[in-house]
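Protein chains in written order, with the working numbering: chain G, 1 to 328; chain D, 1 to 416.
Among the hints, erroneous ones may be present.
Okay, the calculated bits of chain D under chain G, using three or more residues with CB under 8 Å as the criterion [claimed, not checked]:
no.	stretch
1	40-54
2	65-72
Once the Cα atoms are required to be at most 30 Å apart in a straight line, the calculated DSBU-like pairs of lysine-lysine come out as [claimed, not checked]:
no.	chain 1	residue 1	chain 2	residue 2
3	D	Lys41	G	Lys116
4	D	Lys224	G	Lys119
5	G	Lys116	D	Lys391
In silico contact screen, one side only, chain D against chain G (beta carbon under 8 Å); selected entries [claimed, not checked]:
no.	residue
6	Phe59
7	Leu85
8	Glu89
9	Thr207
10	Leu226
In short, the hints are calculated from the structure, not lab data. Please read these numbers as outputs of a predicted model, since none were measured by experiment. Note that CB positions come from ideal geometry on N, CA and C, so glycine has one too.
The primary structure of each chain is shown beneath.
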Amino acid sequence: MESKTVKFYQTGTFTVGNRLLSEEERHVQASAERTNSLNSGHRACQGCGEALGARYAIDAAMKATNGQLVAVNATGCLEVFSTPYPETAWQIPWLHSVFGNAPAVADGVAAALRVKGKKNIRVVAQGGDGGTVDIGFGCLSGMFERNADVLYICYDNEAYMNTGVQRSGATPPSARTATTQAVGVHPGNEFGVGKFLPRIAMAHRIPFVATASVANLHDLEEKVRKAIPIQGARYIHVFVPCPLGWGSLPQHTLKVARMAMESGLFPIFEAEYGKLTHSYKIRRQVKVEEYLRLQKRFAHILKEPATIGLLQKMADANIAEFNLMEEK
Amino acid sequence: MRKQIEGSQAIAAAVQCCRPEVISCYPITPQTHIVETLSAKVKSGELENCEFINVESEFAALSVLIGASAAGARTYTATASQGLLYMAEAVYNASGMGFPIVMTIGNRAIGAPINIWNDHSDSMSMRDAGWVQLYAESNQEAVDLHIQAFRLAESLSLPVMVCVDGFVLTHAFEPVEIPSQAQVDSFLPSFDPVQVLDPENPISMGTMVGPNAFFEVRYLHHEKHLRALERIPTIAREFEKTFGRKAAGLAEGYFHEDAETIFVALGSMNGTIKDFVDLRRARGEKVGCIKLVSYRPFPSEVVRSLADSAQRVICVEKHLAPGTCGVVASEVRHALQHSGKQVQAVIGGIGGRPISLAALDGLWAERNRLDEPHFLGLNWEVIGSVLENQKKIRRSGPVAESVVKTVAEKGGFHGI
Numbered sequence: 001m002e003s004k005t006v007k008f009y010q011t012g013t014f015t016v017g018n019r020l021l022s023e024e025e026r027h028v029q030a031s032a033e034r035t036n037s038l039n040s041g042h043r044a045c046q047g048c049g050e051a052l053g054a055r056y057a058i059d060a061a062m063k064a065t066n067g068q069l070v071a072v073n074a075t076g077c078l079e080v081f082s083t084p085y086p087e088t089a090w091q092i093p094w095l096h097s098v099f100g101n102a103p104a105v106a107d108g109v110a111a112a113l114r115v116k117g118k119k120n121i122r123v124v125a126q127g128g129d130g131g132t133v134d135i136g137f138g139c140l141s142g143m144f145e146r147n148a149d150v151l152y153i154c155y156d157n158e159a160y161m162n163t164g165v166q167r168s169g170a171t172p173p174s175a176r177t178a179t180t181q182a183v184g185v186h187p188g189n190e191f192g193v194g195k196f197l198p199r200i201a202m203a204h205r206i207p208f209v210a211t212a213s214v215a216n217l218h219d220l221e222e223k224v225r226k227a228i229p230i231q232g233a234r235y236i237h238v239f240v241p242c243p244l245g246w247g248s249l250p251q252h253t254l255k256v257a258r259m260a261m262e263s264g265l266f267p268i269f270e271a272e273y274g275k276l277t278h279s280y281k282i283r284r285q286v287k288v289e290e291y292l293r294l295q296k297r298f299a300h301i302l303k304e305p306a307t308i309g310l311l312q313k314m315a316d317a318n319i320a321e322f323n324l325m326e327e328k
Numbered sequence: 001m002r003k004q005i006e007g008s009q010a011i012a013a014a015v016q017c018c019r020p021e022v023i024s025c026y027p028i029t030p031q032t033h034i035v036e037t038l039s040a041k042v043k044s045g046e047l048e049n050c051e052f053i054n055v056e057s058e059f060a061a062l063s064v065l066i067g068a069s070a071a072g073a074r075t076y077t078a079t080a081s082q083g084l085l086y087m088a089e090a091v092y093n094a095s096g097m098g099f100p101i102v103m104t105i106g107n108r109a110i111g112a113p114i115n116i117w118n119d120h121s122d123s124m125s126m127r128d129a130g131w132v133q134l135y136a137e138s139n140q141e142a143v144d145l146h147i148q149a150f151r152l153a154e155s156l157s158l159p160v161m162v163c164v165d166g167f168v169l170t171h172a173f174e175p176v177e178i179p180s181q182a183q184v185d186s187f188l189p190s191f192d193p194v195q196v197l198d199p200e201n202p203i204s205m206g207t208m209v210g211p212n213a214f215f216e217v218r219y220l221h222h223e224k225h226l227r228a229l230e231r232i233p234t235i236a237r238e239f240e241k242t243f244g245r246k247a248a249g250l251a252e253g254y255f256h257e258d259a260e261t262i263f264v265a266l267g268s269m270n271g272t273i274k275d276f277v278d279l280r281r282a283r284g285e286k287v288g289c290i291k292l293v294s295y296r297p298f299p300s301e302v303v304r305s306l307a308d309s310a311q312r313v314i315c316v317e318k319h320l321a322p323g324t325c326g327v328v329a330s331e332v333r334h335a336l337q338h339s340g341k342q343v344q345a346v347i348g349g350i351g352g353r354p355i356s357l358a359a360l361d362g363l364w365a366e367r368n369r370l371d372e373p374h375f376l377g378l379n380w381e382v383i384g385s386v387l388e389n390q391k392k393i394r395r396s397g398p399v400a401e402s403v404v405k406t407v408a409e410k411g412g413f414h415g416i
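Input sequences plus hints: build the corresponding full structure.
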């Protein structure tokens with residue numbers, strides 16, 4: 001009898017579900033023992049990628065530390081939507097100071113815990129892309145350089161969403177924001193500007209740098225699990241779509257994130273001490289244009305093949321640099 | 001133990017005795033000797049159970065302490081001038097959140113033009129940041145205030161700045177009584193925070209507060225300062241009991257009881273003013289002075305009582321607030337309102353220009369003809385010449401350069 005091997009396309013991403021996985025490989029979120037660190041009732045928008053990413057990341061960290069976790073938060077959406085006084089959505093010890101100092105505050109928490117002999121308690125700092133790549137960058141680089149015992153997680157939605165979608169150093173070229181409007185000869189954000197922080201983190205030769213995406217939550221959890229016990233500075237940069245800022249549908253958050261990943265626009269990889277160790281492999285490259293079509297922030301370039309071509313080039317360059325294509 | 005010692009090293013020795021658990025710092029003149037000394041003490045093991053963190057900015061230095069204090073550690077740093085401005089956002093944050101951090105300010109002018117010498121414009125820029133501000137007259141007082149500062153800070157969950165005049169005190173060698181560890185231990189209990197980051201009892205710190213509660217939160221911050229007005233003298237009395245040395249508390253009078261004219265000043269210039277008072281008293285003139293130790297909270301009642309006999313109150317301040325001037329005088333005037341006393345503002349000692357006995361003598365000679373405010377030792381000839389030049393030539397060059405040039409042309413600076 002003729003047989004045909006059926007490949008579950010999504011098993012590699014673990015998104016078809018836990019039933020195909022062994023128990024220990026399953027999502028932390030699938031467990032009844034999950035801590036709901038970022039609990040329900042917070043004020044995030046529908047389809048918020050950051051809320052999703054933070055929930056998975058911090059619950060995974062709680063599991064990895066057996067509940068011995070302190071979180072520090074930069075100012076931003078995550079901070080504002082989770083803690084409108086007198087409510088808090090956090091079920092873990094959580095500290096917010098100001099916008100640009102979360103890495104330094106977290107370093108201080110870690111130092112105090114060492115002095116107090118509480119070495120089992122681990123410290124996570126988190127912030128958005130503005131708090132991380134722009135205003136918090138000095139403190140972040142200092143924290144990396146000191147190899148402070150902190151896991152820093154950046155939830156990157158590519159602009160200042162909390163203040164109304166203004167451009168950040170992580171905003172991609174041509175994207176429309178409130179301060180890079182779709183007007184003029186070169187509408188949207190400029191080409192040739194901005195920074196990709198994971199590369200800069202790698203240049204500090206810290207023990208662990210990884211990128212992740214809400215398109216692959218199991219991978220995010222796994223990277224947090226791996227990062228938690230490592231001594232020294234660790235950095236995870238998570239791609240989190242923002243329906244409000246990007247003009248995408250709330251129900252498309254995962255789809256948009258997946259297309260960023262499958263197009264090569266957002267590379268998923270891991271690095272140790274500055275060296276690339278793993279890359280997420282793209283099975284079938286999605287055209288950048290398909291990704292752009294789902295978002296109003298790119299609406300003004302959809303009839304500009306030259307501009308789309310430049311973005312496609314960026315995706316292709318990522319694929320080459322981070323070795324993202326699966327060997328055929 | 002009595003030692004001939006540099007002010008910065010004496011302060012470091014006092015801080016060491018207070019058993020700080022996390023010290024974080026960034027170098028800026030003139031406070032560097034303090035943290036250099038502490039770094040050696042930590043590295044050599046002389047100061048045990050303490051993390052010393054070298055950071056990339058003053059903003060990070062105070063931010064590290066915010067995290068460390070939130071996790072229950074006793075924390076210390078030192079800064080000055082531009083450094084204090086660079087950490088400004090964290091300065092307000094630390095007090096708003098009630099972290100009892102102790103910070104030395106090696107008082108120094110703020111640029112531009114850049115200037116490393118002493119005045120009070122740095123700490124004055126943070127006078128409304130919600131920290132307690134204590135000003136030391138001498139290095140002995142600096143040592144004693146640091147020990148009291150930790151006690152005060154932790155008893156109120158409020159950060160304290162100990163302001164020490166840059167160079168004048170930080171770099172001066174003088175005999176200082178360095179307390180013993182046993183004395184400090186008996187005076188300063190270990191830090192027992194009222195709020196702490198603890199996985200066994202998770203709390204959220206630093207949440208967002210809207211118009212429904214923000215005003216009340218701010219008032220309660222003010223209320224802590226009102227309590228500090230009572231706590232500072234209590235702690236000073238206990239300090240005296242333990243260490244056998246007088247502590248000034250909120251403010252201290254000198255020949256104030258029957259004084260007709262009273263000087264009011266902050267910091268090291270009180271030493272010169274006291275010498276001046278001695279000389280005038282020897283001539284039978286009824287002069288006295290009030291040393292303001294606590295500028296925040298402002299001890300209005302104490303000032304009222306110490307200045308009771310005076311008709312004239314002369315506030316000498318090392319801070320020029322452009323557009324108003326006389327910040328300390330305004331507060332003294334407020335404290336003495338309806339008393340009928342004349343309050344005079346004297347701005348001097350700016351950017352390291354010394355306030356000498358001769359300058360005070362000159363001031364005294366002019367006391368009935370002073371402008372309000374009076375600029376002590378300001379070279380009006382240079383000011384006139386530079387202003388005249390600016391009128392004539394639109395692009396007359398950078399102001400600082402013109403002034404320096406004009407001072408040289410007029411024969412140089414020979415003190416006041």
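Checklist entry - Which earlier hints turn out false for this structure, listed by number in ascending order? => result 4, 5, 7 and 10
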